[in-house]
Each structure stands twice: as C-alpha cells, then as structure tokens.
Amino acid sequence: MVSENNSRQTTANIENLPKPKHVLSPLEAMGHRGLAVDAIPKSESYATQRQWTLEYLAGACRVFGREGYAKGIAGHISVRDPEFHDRFWINPLAVHFSMMTISDLICLDMQGNVVGGNRRQPTQLV
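In this note's numbering, the protein residues as written are 3 to 128.
One or more hints might be untrue.
Across the chosen pairs, the derived CB separations fall in these ranges [claimed, not checked]:
#1 ARG121 - ASP88: 14 to 24 Å
#2 ARG122 - VAL25: 23 to 33 Å
#3 THR103 - LYS23: 32 to 42 Å
#4 ASN15 - GLN113: 19 to 29 Å
#5 ARG64 - ASN15: 21 to 31 Å
#6 LEU19 - PHE86: 37 to 47 Å
#7 LYS21 - VAL65: 22 to 32 Å
#8 ILE16 - SER47: 40 to 50 Å
#9 SER100 - ASN18: 39 to 49 Å
#10 GLU46 - VAL117: 22 to 32 Å
#11 GLU69 - LEU95: 16 to 26 Å
#12 HIS24 - ARG68: 42 to 52 Å
None of these hints come from the bench; they were simulated from the model.
None of these values were measured; they are calculated from a predicted model.
Think of the CB as a built atom: it goes at the ideal place given N, C-alpha and C, for glycine as much as any other residue.
Let the hints inform the model, and build the full structure from the sequences given.
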C-alpha cells in the first residue's frame, strides 16, 4: 500500500525532472531516428487500405531486420485487417525480417486459422 507521503514524494520527483526541449507529437513519438511517421491515409476502399497496411507491415518487418531484431525466433509484428476486424495480418515464422514482402504475410482469424495471404509458410501461433 502506498502511503500519502510516498505519493507526494513521487509526484515531487516527477515535477523536478527537467522539461524536454521539444515535446514530440504522437506521430513523431512513433517515428524512427527522428523521422515522424506519416498519418494513416483515408482510403476510398478496403482493398486500397489493406494494400497500404500490408506495405507498411512488410516495411516495418524490414526495418526490424535492418536494426538487428532478428535473433532466434525474433517475434512478430501484426496488424488488424481494415475490413474484417476479427482478422489480423502477421509475418510468418520462416522468413527473415529483412526479407519480408507483402506476399509473405499471412491473414489469420482470432482462432489462429489461416484465412488469407500466404498459406505456405508456418505461422507463429502455438
């Protein structure tokens, strides 16, 4: 249980921290190496939105590969499908992050069943 005194002390410590010279916008905070992330564009169709989403997902995987986040199994990156909210896209287990393309990505439902995309590569779901 946190005492009132400890709570005040923590608040005082936070208030004494130096203020940042520049407060980042949300898009800057999500950026990489000082570059702001572009805002998600508004699309006229689900197909156009899905294509944009998959391009950025594959690109994010390649950034992970370039930055060295590819040791061992390395994990995954996933995004929700813009049209079917009970589905998501994920990178497969057997493709190195730095080699990821849109055609490698897998679409799964919430039960882990492959419902689209690359059906040849294993998923990372157990």
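To see whether the hints hold, each was checked on the structure:
The hinted window of 14 to 24 Å between ARG121 and ASP88 holds, with their beta carbons roughly 18 Å apart. Restraint check, ARG122 to VAL25: a C-beta distance of roughly 46 Å breaks the suggested window 23 to 33 Å. The beta-carbon spacing between THR103 and LYS23, approximately 40 Å, falls within the hinted interval of 32 to 42 Å. Taking the beta carbon of each, ASN15 and GLN113 are about 46 Å apart, not inside 19 to 29 Å as hinted.
At about 40 Å, the beta-carbon gap between ARG64 and ASN15 misses the expected band of 21 to 31 Å. Range check, LEU19 to PHE86: Cβ separation about 44 Å, and the 37 to 47 Å hint holds. Here the CB-CB span from LYS21 to VAL65 is close to 30 Å, well matched to the stated 22 to 32 Å. Between ILE16 and SER47, the C-beta spacing of about 46 Å keeps the proposed range 40 to 50 Å intact.
Separation of SER100 from ASN18 is about 43 Å and conforms to the stated range, judged on CB atoms against 39 to 49 Å. Roughly 24 Å separates the CB atoms of GLU46 and VAL117, a value that falls within the hinted 22 to 32 Å. Separation of GLU69 from LEU95 is about 19 Å and conforms to the stated range, judged on CB atoms against 16 to 26 Å. The hint said 42 to 52 Å for the Cβ distance between HIS24 and ARG68, and at roughly 26 Å that hint is violated.
Checked against the numbered hints given earlier, this structure breaks hints 2, 4, 5, 12; the rest are met.
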